[in-house]
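Chains A and B are the protein sequences, given in the same order. In this text, residue positions in the first sequence follow the working numbering: the first is 1, and each later residue adds one. In this text, residue positions in the second sequence follow the working numbering: the first is 1, and each later residue adds one.
Incorrect hints may appear among the rest.
Claimed, not checked - Chain A side only, calculated, beta carbon under 10 Å to chain B, not exhaustive: (1) E4; (2) P12; (3) S19; (4) H21; (5) A23; (6) Q62; (7) F102; (8) Y103; (9) P106; (10) R115; (11) D138; (12) G139; (13) S140.
Rather than coming from a laboratory, the hints here were simulated on the basis of the structure. Glycine included, every Cβ here is placed at the ideal spot set by N, Cα and C.
So you can see what is in the structure, the chains are spelled out below.
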Amino acid sequence: MAFESCFDIIGPIMVGPSSSHTAGVVSIGKFAHDYMGGPPEKVEIVFYDSFAETYRGHGTDQAIVGGLLGMGADDTRIRYALEEAHRRKVKIRFRLEESCPFYDHPNTVLVWAERGGEIFTVGGVSLGGGLSRIFMLDGSTVDLLYGTVDAWSLRNNRRKPLNPAPARS
Amino acid sequence: MKIRSMEELLQRCEERGKSIGEVMLEFEVNKSDRNREEVLGRMKERLVKMKEAVDHGTVDRSAAPSDISGGDACRLGQYRKESRPLSGDFIADAMRLAFATSEHNARMGVIVATPTAGSAGVLPGCLFSLHDNAGYSFEKLVMGLMTASAVGYIVANRSFVSGAAGGCQAEVGSAVSMAAAAIVELRGGTPVQAVHAAAISLKSMLGLVCDPVAGLVEVPCIKRNAIGTAIAFSSADIAMAGVESRIPCDEVIDAMYDIGKNMPRTLRETALGGLAVTPTGQNVKDRLFNNREQQTCSSGSSNRREVET
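Here chain A stands alone, though its shape is the one from the complex:
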């Protein structure tokens, strides 16, 4: 039961054109950005299967890079993310492969990123509707469900929102 809420179905609010190939990918990139504590200096991105075939039409390349730079799914700057990365002198390399050896899904991406002399690896899969799953983190298998930034709260650690609603009588 990956989809838990009515807002997983009605939402996210996002820039087009594709929830699985754009919005879900932004959140994988954003996850990596937050995990590293900022944007990478150098990054290699591997697109598999459907991502590898259609990334240009969907702006999947702009989406992952936008996320890595810290943008959210509804950020209208996403369409210029590659230019922005170039401006910030982030070195980017894309690799396209047919199927992912680590996870069986057509919308899979692996990110090898370097920041502050450290290497981070993040494997993500975009499940559709803007929802994504991080399945690999620095070589270990994980299972973190991740919505877009406009979700109630990050669901991976099931933490409560910082400002809970006042108790109702």
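Start from chain A and add chain B according to the hints.
Showing chain B alone in chain A's frame:
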């Protein structure tokens, strides 16, 4: 607490004497620790974003960056002004507004995924057509979104909602079934009728492949969103007339899953089959990506390509 099937959903509606939309609202309130007003407020925020996308799309005549879509919402608007559409007011406007949203999406405008961006035109098309033609308030439309989300929630968890996973039947198909159920509840139909409408509409989408030209969410996606609204309205009418789906809705969803699993990879959003590989489709792809293709160099395997930026 989870809702795994339409049968379970209907059982809950019956036990509580409530609509599907109300049951989903109750479900969300229990799950999220937010109160009713907060959940409805958040849903309304999304409805307003949908309206913004519709409003942009109905007046924007410009083409998408690809130059293969754009301006059709305006064409339908003009036609609607000048003649009486054969498909009637509700469907004609729903199609126009679906065009508006999907064209806005193709221009990388802000939209609300319902359940995905590729299928984001169907629900706003149907809902704002009800608003324009029959005066449904935003509060009512928000409840329509709750109904739609219940259907989408079950489809998404039982099957899939993305074209890459299960073809267009999964993507526009799920949006159409969500819209059909929402229309029935907004028109005062019963939860049982709403679920039949969902089943009937999804059945007519079964087998539809995802074959976007050049991988863009434009051709044929935008028109499938528009036509999807017509299927949603007709299914709603059929169900409210008392016609039932002979195959229960849960089984239709399972059949959709089965068909999607058996669908070849070329027809699941890889742009390697169907309309994408017609001569015209290929021409579009060559025109759009010719320049950038030169950056692509092949490495050892033919399936591996590397791109430097």
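Now for the hints, and whether the structure bears them out:
1. Given hint, A/E4 at the interface with chain B, holds; its Cβ is 7 Å from that chain's nearest Cβ, closer than 10 Å.
2. Interface restraint check: A/P12 against chain B, minimum CB-CB distance 6 Å, threshold 10 Å, status holds.
3. Look at A/S19: its Cβ gets to within about 4 Å of chain B, closer than 10 Å, so that hint holds up.
4. Because the closest C-beta pair between A/H21 and chain B is about 8 Å apart, less than 10 Å, the hint holds.
5. The restraint placing A/A23 at the interface with chain B holds, with a minimum CB-CB distance near 7 Å, inside the 10 Å limit.
6. The restraint placing A/Q62 at the interface with chain B holds, with a minimum CB-CB distance near 9 Å, inside the 10 Å limit.
7. For A/F102, the interface hint is violated, since its Cβ never comes within 10 Å of a Cβ in chain B; the closest pair sits about 16 Å apart.
8. For A/Y103, the shortest C-beta to C-beta distance to chain B is roughly 13 Å, which exceeds 10 Å, and the interface hint is violated.
9. Taken as an interface hint, A/P106 checks out: its beta carbon lies about 4 Å from the nearest beta carbon of chain B, inside 10 Å.
10. With a cut of 10 Å, the hint placing A/R115 at the interface with chain B is violated, because the nearest CB-to-CB distance is about 18 Å.
11. About 23 Å separates the beta-carbon of A/D138 from the nearest beta-carbon of chain B, more than 10 Å, and the hint is not met.
12. For the restraint placing A/G139 at the interface with chain B, the shortest Cβ-Cβ distance is roughly 22 Å, beyond the 10 Å limit, so the hint is violated.
13. With its C-beta approaching chain B no nearer than about 25 Å, A/S140 sits outside the 10 Å limit, and its interface hint is violated.
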